[in-house]
Amino acid sequence: MADQTLPIPSPFEVPQTGTAAFLEWLHDWFVTVDHKKLGILYVVYSLFFLLVGGFEAMCIRIQLIIPHNTFVTPEVYDELFTMHGTTMVFLVGMPILFGVANYLVPLMIGARDMAYPRLNAFSFWLTAFGGLLLYFSIIGGFGLYGMGSAPDIGWFAYAPLTAKAFTPGHNTDYWALALIVSGFGTLGTAINIIATTISMRCKGMTLLRMPLFVWLMLIVSVLTLVTITPLTAAQVMLLIDRYLGGHFFDIRAGGSALIWIHFFWIFGHPEVYVLVLPAFGIASEIIPVFSRKPIFGYSAMVAATVAIMFISLGVWAHHMFTVGMTSVGNAFFALSTMIISVPTGIKVFNWLATIWGGRIRFATPMLFALAFLVQFVIAGLTGIMLSAAPWDWQLHNSYFVIAHFHYVLVGAIVFNIFAAIYYWYPKVTGRMLSETLGKWHFWLFFIGFHLTFDPMHVVGILGMPRSIYTYEPNRGWNTLNMVISIGAFIQGIAVLILVWNMIRSHRSGEMAGNDPWDAWTLEWATSSPPPSYNFATDPVVRSRRPLWDLKHPNDPDWKYEP
Amino acid sequence: MAQTIGKLQIMQHQSGPISIRSGLLLAIFLLTGACTAWADGPSAIPNIFAPSTTPAYEIYYLALFVLTITGVIFVVVEGLIVFAIFKFRERRSDPRHEPAQVYGSTQVELAWTVIPVIIVVVLFLTTARILFAVQDEPEPKSALNVTVVGHQFWWEFRYPSLGIVTANELHIPTSTEDRPDPTFLRLLSADVDHSFWVPQLAGKTDLIPNHPNGMWMDPNTPGLYYGQCAQFCGVEHAKMLLRVYVDTPDQFAAWVKNQQQPAVDAPDVAAGRRIFMTEACVNCHAIRGTEAQGTYGPDLTHLMSRATIAAGAADNTPQNLYLWIQDPDNFKPGSHMPAMLLSDQQIKQVVAYLTTLH
Amino acid sequence: MTTTSVPIFADESWRLPSRGTVAMLSLIIGESAIFTIFVVAYIYYIGRSVSGPTPKILDIPIFMTVCLLSSSFTIMVAEHAIDHGRMALFTAFWALTMLLGIIFLGGTALEWRHLIYIDHLTIRTNLFGTTFYSLVGLHATHVIVGLMMLSIVLVFTLLGRINQSHAERIKVLALYWHFVDAVWVVVFTVVYIVGR
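Chains as they are written, first to last, in the numbering used here: chain A, 14 to 575; chain B, 8 to 365; chain C, 1229 to 1424.
Keep in mind that the hints are not guaranteed to be accurate.
[Stated by the list, open to error] Each computed EDC-like pair below joins lysine to aspartate or glutamate, with the alpha-carbon atoms no more than 20 Å apart:
#1 A:Lys50 with A:Glu26
#2 A:Lys452 with B:Glu97
#3 A:Lys572 with B:Glu105
#4 A:Lys216 with A:Asp562
#5 A:Lys564 with B:Glu105
#6 C:Lys1399 with C:Asp1311
#7 B:Lys148 with B:Glu184
#8 C:Lys1284 with C:Asp1347
#9 C:Lys1284 with C:Glu1339
[Stated by the list, open to error] Simulated restraints on C-beta separations:
#10 A:Met160 with B:Gln352: 35 to 45 Å
#11 C:Ala1337 with A:Asp551: 46 to 56 Å
#12 B:Ser100 with A:Ala34: 47 to 57 Å
#13 B:Thr228 with A:Asn491: 17 to 27 Å
#14 A:Met160 with B:Ser149: 51 to 61 Å
#15 A:Ile499 with B:Pro102: 37 to 47 Å
#16 C:Met1304 with B:Val121: 47 to 57 Å
#17 C:Ala1337 with B:Asn337: 53 to 63 Å
#18 A:Ile499 with B:Ser149: 48 to 58 Å
#19 B:Arg103 with A:Asn491: 52 to 62 Å
#20 A:Gly258 with B:Leu348: 32 to 42 Å
#21 B:Leu349 with C:Ala1337: 54 to 64 Å
#22 B:Leu348 with A:Asn82: 25 to 35 Å
[As the list claims (entries may be wrong)] Computed footprint of chain C on chain A, listed as stretches where at least three residues anywhere in the stretch have a Cβ under 8 Å from a Cβ of chain C:
#23 206 to 219
#24 246 to 252
Rather than coming from a laboratory, the hints here were simulated on the basis of the structure. Every residue gets a Cβ at the ideal spot worked out from N, C-alpha and C, and that includes glycine.
Work out the full structure, taking the sequences as your base and the hints as a guide.
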């Protein structure tokens, strides 16, 4: 800000003036209700668990690098893939995206904070303790003498495998409790984001002038309300079964294994959109700025997202083509799943039209965003293959499915999360991340990603099912698995480069200034890092790109927008 | 600014691999499809693109259809993206002012909404046709009925019309046009969810407790087909392997005849037989024609007619039988069979008895 | 890069919806999804118990229902009263609302006592027991939470700390109470009419 005289230190700057100052700094992090600090806490927490979940993935790939490997026991392998899935979805994907939203939504709509700062802090700490509870199962599951056994039921936890008879001990309970606790945290954040976007916008920030990221977070939050809650309900039922002797999923008492599968995917499929829509939002901010053009078809993007939200609530049973639904049921869910590709396609075409005719700057955030675009098309197309129900009878639960959803979760979401880190790190810390290390990170991760997940499609077509701790040497899967594992290790190295880049650049990165990317949304109008009150004076906007208007007073956006 | 542009141009040269890699992926897809489709008959590689039955072939046909459509979309869209990335890169010669600001176009939005809708309609109609054809196929009178029961971690096969019970290795006859003899499976589970998947013979169907399912197959080529459980069912899910022997009608008749016999009672292995009948073995295993009537574990009446033990975890050899009885964890840690704590001598005698069960 | 500053344009009139109402409506949407799952489970399992008592043993709790539904009306009167600053009327009807809620809970307690000791139906008896106690109990939990929040307001009212300026917050809280009542209509219909 122009009138800002004292530079604001990065929030990570540890005071060097003695223990008392240090403790005060630490205390401040624990009691903060500032949306920016909470956003940072979310992201740091998620990045930590990204390393944990990534470590689990590395162990999985070491085990599968050759057939009949004995790197881990079958029990440990089951725990590894259960924890990998649960960690990446609940402790990495959602918190990091909600963390980014926490940081950015108030800044982007010109607000001083979230609608409910204390609820915000409460939600974060719930989420955080949910994660700790999940990992506490390693000690608590069987007590100290049985230490080292984590949940081993798969992240989908199909009943009746979760019944006491099949999974004694407490690790399944920790799993359920952890997800309930962090689920309530997520619910609180979702409510907060909705209230903030609806009720806290600055003057002139009409709904149709909000940045697309804010729009997508609003839609995601609404979707979260009806997505996380069914999971919470199902988990409560599971705990009633396990602790009060209930019979929801008890086969011998007439309970149904099938209804858990329904409940889980009523949560599980919209959950994919809860994760991917914020990633779309990130891409919708980054792609225009580095193409030097406004987003193409803003209203169409919003409409398509709303359509995706509604349709996504009616497609869950495409995870269930093999459970023996009627042929009409199968046909319905095949159709609804195919239909969702239409609004998704609209988004892809709009991004394409945004770079079309632009002037593309290949900075690291843009590299990740462009790779996302390329990969997301593939993810969408394999999704269409899986929606063809009869073909899904073959592909379901094979490595093809693993490849498909990692193309979404890594190829689309993680790539965009990395893009977001490179793009907004200067705003958060006041310093740029190293572009050289960024390029190394990008290319290694890109190559590793494709080495890992492209062959997974093939090995799935060759009949390799998921969740297996080893495989027979004569099935033709050996070479492909070797390549997949090598790719995974390359990705691991790339992520370590990112961590190093973040630490190193915080000390010695180039100073960023308020607006290093020459961008157009409000967060770039304030200083980097922003003061605790965000804006010295409440901003007033007249178009979707307030900073464009400011930089081009002769050719402002509001002349063209409806 | 000038410095960054220098870096950017290096980047532009590297943007090539995006398209090449993606193209490779498609090529791999099409090649696996095309090549293996020609290779007829069973293979150790359970490739879904090497179908041997009507349902598997129908799915294969649908797969090729969907692959063609998605392949065209892939080439067009990725082509446009890569072209745009290359064409609209920032150049040193670019003027300093911003490019033309375009906000959108209703006509264009309409076009890329309507065209995908048409594609979806075509895809869905084809999918639905094959879906109904495969799933709602009526069961002919001549069909062979087999009940498959999934257990942690093995397969039980019951032939109610033939009075046969066996495990892990399914035998079914070929079905040809002049002699249609399809097999209809009824899928049950004794404990948790499992999934029956032999890719060359059919898509998978889950075995869910309290929820009987069905599937069918009419293999045209005799031979051995591989598959395995495709729904995570616990510790040894990975070693819940499946073998399906597709027999010619004569072979199948011979197999049935042998299986219908009660167990061989060879006098020279009476010692082993006595141990088997007096130890806990009988609690779980059945041997038809003896007092062993357990149903928790596989039926051992014709154990030696099977090529593998422990649901495919090991070859059925006397050495492996010895190791298996000594401690099942040797092959399959986590299987429900306990180590029987027999002496070396006793295990040898039991193995000697078991190896007579042809 | 040129320094940018916060853009400021001519003043426009600018009104946004109340954040309290928005947040409470969001919470209600989320809660509805939880209830939906429990209701679906209840309906799915009707008649699937393999043994034990059936829903035939349930008596229709008409008095309880009348109490809870009229509490929605009394809280509306209270809302109206605080809008117009009539604090005595507000206090009376707020307390009446709580009383009706407590009667409802008492009715549930008596019903459960009867079911447990006379009909021998507990949560572990059969599927009916499991789904019945879960669904009705989930609703009762919401009534308890509602009563706790209402009582906080009552305490502050009696201490004279609540006045007309709190009308909007009171209405947000009342929204939750209306939701709890509306859910009872669904639970009542499913459990005592359709399922019996």
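Hints and how they fare:
A C-alpha spacing of about 13 Å is found between A:Lys50 and A:Glu26, which places the hinted pair at or below 20 Å, so the restraint holds. Proximity of A:Lys452 to B:Glu97 is assessed by CA-CA distance (about 17 Å); at most 20 Å being required, the pair is judged to hold. Between A:Lys572 and B:Glu105 the alpha-carbon distance is near 17 Å, which keeps this suggested pair within the 20 Å criterion. A distance of roughly 15 Å separates the Cα atoms of A:Lys216 and A:Asp562; the hinted pair therefore holds under the 20 Å criterion.
Between A:Lys564 and B:Glu105, the direct Cα distance comes to roughly 11 Å. Compliance with the 20 Å bound is thereby established for this hinted pair. A hinted pair counts as satisfied when its Cα atoms are at most 20 Å apart, and C:Lys1399 with C:Asp1311 qualifies at roughly 9 Å. Among the hinted pairs, B:Lys148 with B:Glu184 is consistent with the structure: their alpha-carbon atoms are about 15 Å apart, no more than 20 Å. Of the supplied pair hints, the one linking C:Lys1284 and C:Asp1347 holds, its CA atoms being roughly 11 Å apart against a limit of 20 Å.
Proximity of C:Lys1284 to C:Glu1339 is assessed by CA-CA distance (about 14 Å); at most 20 Å being required, the pair is judged to hold. Separation of A:Met160 from B:Gln352 is about 39 Å and conforms to the stated range, judged on CB atoms against 35 to 45 Å. Evaluation of the 46 to 56 Å hint for C:Ala1337 and A:Asp551 yields a pass: the beta carbon distance comes to about 52 Å. At roughly 53 Å, the beta-carbon separation of B:Ser100 and A:Ala34 lies within the given 47 to 57 Å, and the hint holds.
A hinted range of 17 to 27 Å holds for the C-beta pair B:Thr228 and A:Asn491, which are about 26 Å apart. For the pair A:Met160 and B:Ser149, the supplied restraint of 51 to 61 Å holds, since their beta-carbon distance comes to about 59 Å. A hinted range of 37 to 47 Å holds for the C-beta pair A:Ile499 and B:Pro102, which are about 46 Å apart. As the Cβ distance of C:Met1304 to B:Val121 is approximately 50 Å, the hint placing it in 47 to 57 Å holds.
Restraint check, C:Ala1337 to B:Asn337: a C-beta distance of roughly 59 Å satisfies the suggested window 53 to 63 Å. At roughly 51 Å, the beta-carbon separation of A:Ile499 and B:Ser149 lies within the given 48 to 58 Å, and the hint holds. At about 56 Å, the CB distance of B:Arg103 to A:Asn491 agrees with the hint of 52 to 62 Å. Between A:Gly258 and B:Leu348 the C-beta distance comes to about 35 Å, which sits within the given range of 32 to 42 Å.
Between B:Leu349 and C:Ala1337 the C-beta distance comes to about 60 Å, which sits within the given range of 54 to 64 Å. In this structure, B:Leu348 and A:Asn82 meet the distance hint of 25 to 35 Å, their C-beta atoms being roughly 30 Å apart. Residues of the region 206 to 219 of chain A lying with their CB closer than 8 Å to a CB of chain C number 9, which satisfies the three-residue condition for coverage. Only when three residues or more bring their CB closer than 8 Å to a CB of chain C does the claim for the region 246 to 252 of chain A stand; here the count is 4, and the claim holds.
Checked against the numbered hints given earlier, the structure satisfies every one of them.
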